[in-house]
Each structure stands twice: as structure tokens, then as C-alpha cells.
Amino acid sequence: MSSALQVSNLKKIYPNGIAALKGIDLEVAEGDFFALLGQNGAGKSTTIGIICSLINKTSGSIRIFGHDMDTAQAKAKSLIGVVPQEMNFGLFENISQILVNQAGYYGIPKHIAMKRAEVYLNEMGLWHMHDQPAFRLSGGMKRRLMIARAMINEPKLLILDEPTAGVDIELRHTLWRFLSFLNKQGTTIILTTHYLEEAEHLCKNVAIIDHGEIIENANMKSLLNRLTVQTLVFDLEIPVTHLPMLSHYRHRLIDDTTLEVELNRGQSINDLFQLLTSSHVQVHSMRNKTNRLEELFIHLVSANNKSENP
Amino acid sequence: MINRTSCYANFIALQTILRKETLRFMRIWSQTLLPPAITMSLYFLIFGKFIGSQIAHIYGYTYIQYIVPGLIMMSIMTNAYANTASSFFLTKFNKSIEEMLVSPMPNVIILLGFTFGGALRGVLVGIIVMLISFIFTHLPINHPFIMLLIAPLAAIVFSLGGVINAIYAKRFDDISFIPTFVLTPLTYLGGVFYSTQQLPSLWKTVSLCNPILAMVDTFRYGLLGVSDINIYFGFALVLALMIILFFWAWRLLCQGRGIKV
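So the sequence lines, in the order shown, correspond to chains A and B.
All residue numbers for the first sequence refer to the working numbering, where the first residue is 1 and numbers rise by one.
All residue numbers for the second sequence refer to the working numbering, where the first residue is 1001 and numbers rise by one.
Isolated chain A, as found in the complex:
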């Protein structure tokens, strides 16, 4: 399968001397749903900014579907759609005009742009406000507008920089469905997010960036398989007064109806349930204490920090 994005030895040193990217290499396959994760200031937005030509790189190369960003910039850019982290449209322009103008910048004639604007504003539930100025939109609506705008050139590669930051759960789920649909239709998607359950739920591959370096780049499933231990929280049907005997499992009672058990790789959840049943512990519900990817992320980032500052 060909590459949608190839980043080679990308470096960025800001004028204040901070090395935001220390020579990263990244490859995203065509049709992938790719998560780029990292803490604040790790270099995610700098990477996205350079790919989208919003930030000047210091060195390195970027290819979009084989087109070099330096030598075939127009072709490369025509294949990208971007949803930035911060609002970046004129608040006094009307909503459909924002989309039609964006299409115009991509060289799409007005009559086609207007049809597409209707399609994508409908998709995002904003068509009823198409003739309203953008300042009348709520925060969630503005974010949906940016997604509709990014779709106006029907990009083969859609890049979303924290698209669900600060939006309510319902909208988040709507966006997840929309992005999954787009990906199934063949659009390659790169997502940065702080909601790791979002990345786990949506993405096939993941890269973790820390201090300007890629510290992990793997398939989501294989990465999650590396998790050596996960903590399960059991809500109990009947309160217990003392800690049940669960040999081979580290566990503790949080309160009389909440039991926390650490499950190591290789230990079976079925065996644990059998043990709980034999101990007369009746489970009402069960959940992971933290998201699996989150656990792994914290582990990887803290391991990287330790290796950098031993």
C-alpha cells in the first residue's frame, strides 16, 4: 500500500532556540486512521503545522501521496484538508461563504463549491444556519464548521488537530461516526488528541511523540498487547466487609462495594471471575480503571523521561 504521508528527518528549531522536533520520521499508509499522540508541547502541533505549511521547517522532507512539499507543493497541498486546533475563520463572514471561499482557494469553481457546502454543512448539522455570520455559532458548532470547511476540497488526507477538544459527548460521538465513515470511504485520517480513548476507539496505527522525538510508532492492537498489566475495577452487587482471597492477583478493596484488581498479561479474566464467584463475590459491573492506551502512554512517556533524565 502506498504512503499518504512520509515525513523524513523533520527538524524544527524555533527562533528562541527551542528544538520542537529533533528529526522525526513518520509514515502513514493510504487509508489509515492514524493517531499522533503526545503531551502538551511534545511536538504534535508543530508537526501538523509543518505538514500543512503553517510553520516553516528547519530541515527535513515531507511527501504527500508521493508529492514532495518543497518541489510539488501545490499538488501536495491540494490533497490535504486541515482541521486546526484553534478557530481560524472570519467571525463576520457567513457560514456558507466561509466554505465557498475555502473552496475557491483550492481552485474549485463557485457553483461546485456551493453544492459541496450544502452537503457538508448538512452532514455537520449546520445547514439551517448557512446564511448566518460565524460569530452566532456555539463553540461546538464552530468546530463542526471547521470540519465541514476541511472537507470542501474532498481531501485524500484529512488532518485533525484535537478536533474534539472542549466539545460535548454527543457531538464527540457524532464526529467519531463521521470520521469512521470517511475513513471507510477511503480518506486517510491523521488525528491528534488528548482523549486517548478516542484514539483507541478510532485509530488503526499510532505514533507517540515526546520532546520532539517519536518514541513509539506501531499498530494500535500490537501496542495495546504490550500492556503488561491493566487495572480492573469491579462494582459489587453485595457489600463485602473483608478483602476476598484472590491468590495470584494483586487487589485491594476501595470501599465495601468497589474492588480493584491488577490483571497481568497471561492472567485470564475468566479465571478471575471463577475465583470471585468461588469467594461469593457478586459483581454488578466491571471497567478498566484507566483507558488501556492511556496506561501505556503514561508508561512510555515516563520511561522516555527517565531515559532522558536518568
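No wet-lab data here; the hints were simulated from the structure.
Just so it is clear, the structure is predicted and the values come from calculations on it, not from any experiment.
All the given hints hold, so there is nothing to weed out.
Straight-line distance between alpha carbons at most 30 Å, and here's what the computed DSBU-like set of lysine-lysine pairs gives: (1) 1095/B to 1260/B; (2) 184/A to 221/A; (3) 142/A to 1260/B; (4) 1095/B to 75/A.
Based on these hints, arrange chain B on the given structure of chain A.
The following block gives chain B in isolation, referenced to the frame of chain A:
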């Protein structure tokens, strides 16, 4: 080989910026088109009618007839400059410039779009002021072709100046600094209200260094058929300034000065 598809795409992109810019200044016409009309009407009334009636003819024209071309050019230049300076700075300030930067449109199209948008406002204001001047005086149009050529060229020069100012500007104050402290004095000393022939020789020489004088006088030649300077020099100067400012602005955009880190 020139790619016809990309030429067409660039044409649409240019058209889009131009349409956006035009809609912007038309939407806020009470801030963009009306004020110069009122200000210039007052100039015509006070300097032309009230005071001008007591001033001797210049080159055989009444004072109001003599100052009309200068006031039209002053309106064109200040409005062209103000349009691009404020529009480009706002686009930068609210980050909507990113909409253009992520697109495949080349920097030269961004520059031309803003420049032509500003020039259009300048010329439109010039037409409004000229129509108002007809209420106050009769104007013979001696060389319409020269007039129609110098007005848009001067508008483009000032429009480019506005873009450069906006690129360097970091705060709103920065876009009013050049117009207040550089352009206004140069305009008032640029032969709008007087002929340089009336000045002592030292000041006459100093005035000839003012590029605005060349633009005003070339336009005056188009309208009234009289000028203190050689109009070929006027055109040459405007074209030279246009080329210098264009490449300056283009280079700044390509570097991402003030818009990219």
C-alpha cells in the same frame, strides 16, 4: 510548460480573494466609502468654495478646479493603503490567513488578491469623490487615458504598501503609524493644495523628491492638462515603485514573515 488546470485554479483563487475583499469593504460601506465622500465634500466646500474664491487662478484654473485632482488622488491612495493594511492585518490577527496558507494557492495570488482588492476600493472612492466634485465645479477632462492609467497604478502602489505594513505590523497601532506619520505629511506636501512653481527653489527641489507629487501631478495632467512635472517621469516612478513594492511584499510572504513561525 504552464499547466492550464493550475492557471484556472489560480484564477479562481484570485477571484475568490477579490470577491471576499470587495464584499468586506462593501459590507462596511459606512466605514469605507462614506467617510472619504464626506471629508472630501468638506474640502471642496471650505478650501474650494469659501477660501478658494479668494485665491488667484493657478495655470488658468480656479483654485477648486486645481485642487480637485489632488484630492481625488489623495482619496485613492489613502483608501487603497488603508484597505490592505487593515484587511491583511485582521486576516493575520484572526488567523484566517491560515485558510489561504494551507491551500495550494501560491503566495503571489494571495498578494495579488489583496492588492487588487485594495486598489479597487481606492479607485471606487476616487470615482465617488470625482462625482461629488462635479457638484462643486466644472472639470475639463483633457487626457482621459492618462487619468485612467495613473489612478489604478497609484492605487496598486499604495495597496502594496498597505500589505507590507500589515505584514510587519504586530499590533493594531502599527497599521496606523505609517499613514499618520509618513503618508499624510507626504500627501499634504505632495502638491495637492498648491503648485510647486509657487514654492521657493529649495522647497521646490525638496518637493520633487516626494513620489506622491509625481502621482498627483500626473493625474492632474490627465484631468486639467497642466503639471509641474514631466508625466513620463511620473509613470516611470509609479512603475518603479510598483515593481519594488511587489517583490518586497512577495518575498515577505514567501518567507512567511509575520504569518509563519
